[in-house]
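Residue numbers (the working numbering), protein chains in the order written: chain A, 1 to 110; chain B, 1 to 162; chain C, 1 to 260.
Simulated from the structure, these hints should not be mistaken for lab results.
Glycine included, C-beta positions come from ideal geometry on N, C-alpha and C.
Possibly wrong hints are sitting among the right ones.
Said to hold, decoys possible - When the alpha-carbon atoms are kept at most 30 Å apart in a straight line, the in silico DSS-like pairs for lysine-lysine are as follows:
no. : chain 1 : residue 1 : chain 2 : residue 2
1   : A       : Lys100    : C       : Lys99
2   : A       : Lys17     : B       : Lys58
3   : C       : Lys62     : C       : Lys187
4   : C       : Lys62     : C       : Lys73
5   : B       : Lys58     : A       : Lys100
6   : A       : Lys25     : C       : Lys73
7   : C       : Lys187    : C       : Lys87
8   : C       : Lys31     : C       : Lys73
9   : C       : Lys99     : C       : Lys31
10  : A       : Lys25     : A       : Lys100
11  : C       : Lys149    : C       : Lys87
12  : C       : Lys99     : C       : Lys187
13  : C       : Lys99     : C       : Lys87
14  : A       : Lys25     : C       : Lys149
15  : C       : Lys62     : C       : Lys87
Claimed, not checked - Derived Cβ-Cβ restraints for the label pairs, each shown as a range:
no. : chain 1 : residue 1 : chain 2 : residue 2 : range
16  : C       : Gly49     : A       : Leu58     : 19 to 25 Å
17  : B       : Thr87     : C       : Gly49     : 23 to 29 Å
18  : A       : Ala14     : B       : Gly42     : 42 to 48 Å
19  : C       : Pro231    : A       : Gly42     : 24 to 30 Å
20  : A       : Ile22     : C       : Ala102    : 49 to 55 Å
21  : C       : Gln249    : A       : Leu58     : 49 to 55 Å
22  : B       : Ala88     : A       : Lys17     : 19 to 25 Å
23  : C       : Ala76     : B       : Ala46     : 29 to 35 Å
24  : A       : Ile22     : B       : Ala85     : 46 to 52 Å
25  : C       : Ser183    : B       : Val65     : 29 to 35 Å
To be verified - Here chain C is said to cover these stretches of chain B; the calculated rule only asks that three of the stretch's residues, wherever they fall, bring their Cβ under 8 Å from a Cβ of chain C:
no. : segment
26  : 43 to 55
27  : 135 to 143
So you can see what is in the structure, the chains are spelled out below.
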Amino acid sequence: MADTPHPTRISMPATAKRGDIIDIKTLIQHEMETGYRRDANGRVIPRDIVAHFEVRYLDEIIFAADTFAGVSANPYFAFSTIVGDSGPVTFTWTDLAGRKTVETRTLTVT
Amino acid sequence: MPQPSCTRILPTLSRRSVVAGATAAALTRSAWPAAAAFEDDGNATAAIAHIAAGREIKPGRVKLVLPELAENGNVVALSVEVESAMTATDFVKTIHIIAGQNPLAIIARYHLGPRSGRARVQSTIRLATTQTVTALAEMSDGTLWSGTMSVLVTLSACLDGG
Amino acid sequence: MVGLVFAASQAVGLCSLAAQTNLPSRPAIAKPGNVYQSPATQAQQADDGANPAMLWVGQGEKLWSSTDAGDGKSCAGCHGDAVASMKGVATRYPQIDAKSGALLNLEGRINQCRTDRQHATPYAYESAPLLSLTAYITLQSRGMPRDVKIDGAAAAQFEAGRSFFVTRQGQLNLACTQCHDQSVGQKLRGDTISQGQSGGWPAYRFEWQTMGSLHRRLRACSLGVRAEQLPFGSPEYVALELYLAWRSQDLPLDAPGVRR
């Protein structure tokens with residue numbers, strides 16, 4: 001589980017017009033274990049959270065977030081970007097240990 | 001139950017400051033204070049003062065929307081929108097979300113830029129209890145604006161302990 | 001006064017229905033569990049891009065074509081495209097399995113396929129793959145009303161489910177019907193009591209911070225009235241599931257739901 005990429009869901013249009021503002025929605029399956037909880041034996045469950053999320057469109061960062069234990073499990077983000085050229089949109093979630101989940105979608109400009 | 005793969009209980013300070021610093025620099029191509037390393041211990045006033053670093057915080061321009069009554073503190077829908085032209089020279093750099101009754105007051109920092117088109121972010125957050133949440137927006141000219149919202153966090157009757 | 005008239009007319013309506021069909025009562029106007037959630041929670045369910053349960057649906061879609069199980073046969077290998085072949089299937093569960101005569105819910109049927117067709121080990125109830133496949137298959141019936149059989153071979157199971165629903169149990173000595181028929185809309189701490197409709201399950205529940213099956217929700221109900229929590233997939237809960245499905249009348253399936 002920990003070393004494999006986490007399931008994600010990305011909602012964004014596949015095509016758009018140059019200059020349009022498009023909405024992008026993302027979900028990632030992640031427990032966002034706070035580090036404040038204890039297991040049945042009283043031991044602290046180690047913190048295990050997505051600490052950083054970054055979205056690049058044609059290698060330019062269009063949205064990023066530093067996230068802490070106060071972000072809900074299975075983190076959801078909705079944000080927007082201005083459509084420029086056709087190209088890849090790359091989504092990278094990084095957990096506290098530096099493990100990454102990376103997804104790419106292509107935005108085609110019409 | 002999560003895998004005990006991460007033995008640290010608290011995040012290392014260096015990773016946080018490196019990650020946040022790199023992001024901000026890439027977005028704005030300007031220097032970013034290593035504010036990320038600050039552990040606020042649930043003190044919203046301290047967290048906000050640390051971000052402000054002596055600058056004035058003006059109320060306004062930030063519309064923070066949370067439900068007045070949250071059914072469960074585990075998932076509280078958040079929407080934050082900042083009035084901004086979002087041009088190459090006038091844009092929202094960062095939005096900080098702060099909740100002082102949480103164990104850690106800082107919930108998230110959203111980094112935006114001219115390419116964002118509009119300064120609006122939606123997410124879901126955890127609230128430990130009933131409290132006032134603050135959104136602090138840092139503009140490209142360095143000014144700070146804030147908006148708040150009070151949320152009543154209720155308890156379900158039908159809890160089953162997981 | 002208006003309330004009294006309404007209650008009286010409702011009672012007459014139910015009596016006449018019972019007289020005609022000899023069936024137990026169900027809510028005159030069925031309302032999905034969704035409408036008893038807050039506007040924010042309803043909005044989250046309505047938007048597939050924001051509904052965290054869709055993460056499990058996505059996993060189910062992957063599993064549908066996976067050949068990792070048993071003798072390397074995927075679900076798609078027999079059933080083809082689930083969007084076509086599974087449309088309406090979830091509306092017909094629980095149903096009597098012709099071969100064994102047992103009442104199977106969708107989880108039970110998936111595991112029967114695992115063991116009998118794919119020659120693989122069955123998924124544990126409440127495991128991520130079983131929840132994911134159940135959610136994915138159920139989604140293919142989104143918007144369709146329930147169509148369960150309650151007569152013939154299913155009659156005894158239906159009666160067992162109905163009996164479970166109306167029998168007082170637990171330290172609080174409460175029957176399902178006392179909350180979900182007689183106290184609907186009233187407040188229980190922060191909750192608004194729902195009709196106990198099941199069409200939104202499996203669902204993502206905030207309290208769990210994850211996806212869960214109807215049986216996990218039923219176990220929470222059992223605990224709520226301080227009754228014995230029956231095992232996942234137990235015959236009693238599957239029979240109750242059949243009764244709940246019938247009780248949903250014409251309500252369209254709206255799983256995967258989002259609940260507080």
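Right, here's what the structure says about each hint:
no. : hint                           : verdict
1   : A:Lys100 x C:Lys99             : 48 Å, violated
2   : A:Lys17 x B:Lys58              : 37 Å, violated
3   : C:Lys62 x C:Lys187             : 41 Å, violated
4   : C:Lys62 x C:Lys73              : 14 Å, holds
5   : B:Lys58 x A:Lys100             : 37 Å, violated
6   : A:Lys25 x C:Lys73              : 34 Å, violated
7   : C:Lys187 x C:Lys87             : 37 Å, violated
8   : C:Lys31 x C:Lys73              : 40 Å, violated
9   : C:Lys99 x C:Lys31              : 35 Å, violated
10  : A:Lys25 x A:Lys100             : 19 Å, holds
11  : C:Lys149 x C:Lys87             : 17 Å, holds
12  : C:Lys99 x C:Lys187             : 45 Å, violated
13  : C:Lys99 x C:Lys87              : 23 Å, holds
14  : A:Lys25 x C:Lys149             : 40 Å, violated
15  : C:Lys62 x C:Lys87              : 17 Å, holds
16  : C:Gly49 x A:Leu58: 19 to 25 Å  : 22 Å, holds
17  : B:Thr87 x C:Gly49: 23 to 29 Å  : 28 Å, holds
18  : A:Ala14 x B:Gly42: 42 to 48 Å  : 43 Å, holds
19  : C:Pro231 x A:Gly42: 24 to 30 Å : 27 Å, holds
20  : A:Ile22 x C:Ala102: 49 to 55 Å : 50 Å, holds
21  : C:Gln249 x A:Leu58: 49 to 55 Å : 52 Å, holds
22  : B:Ala88 x A:Lys17: 19 to 25 Å  : 20 Å, holds
23  : C:Ala76 x B:Ala46: 29 to 35 Å  : 56 Å, violated
24  : A:Ile22 x B:Ala85: 46 to 52 Å  : 19 Å, violated
25  : C:Ser183 x B:Val65: 29 to 35 Å : 32 Å, holds
26  : 43 to 55                       : violated (count 0)
27  : 135 to 143                     : violated (count 0)
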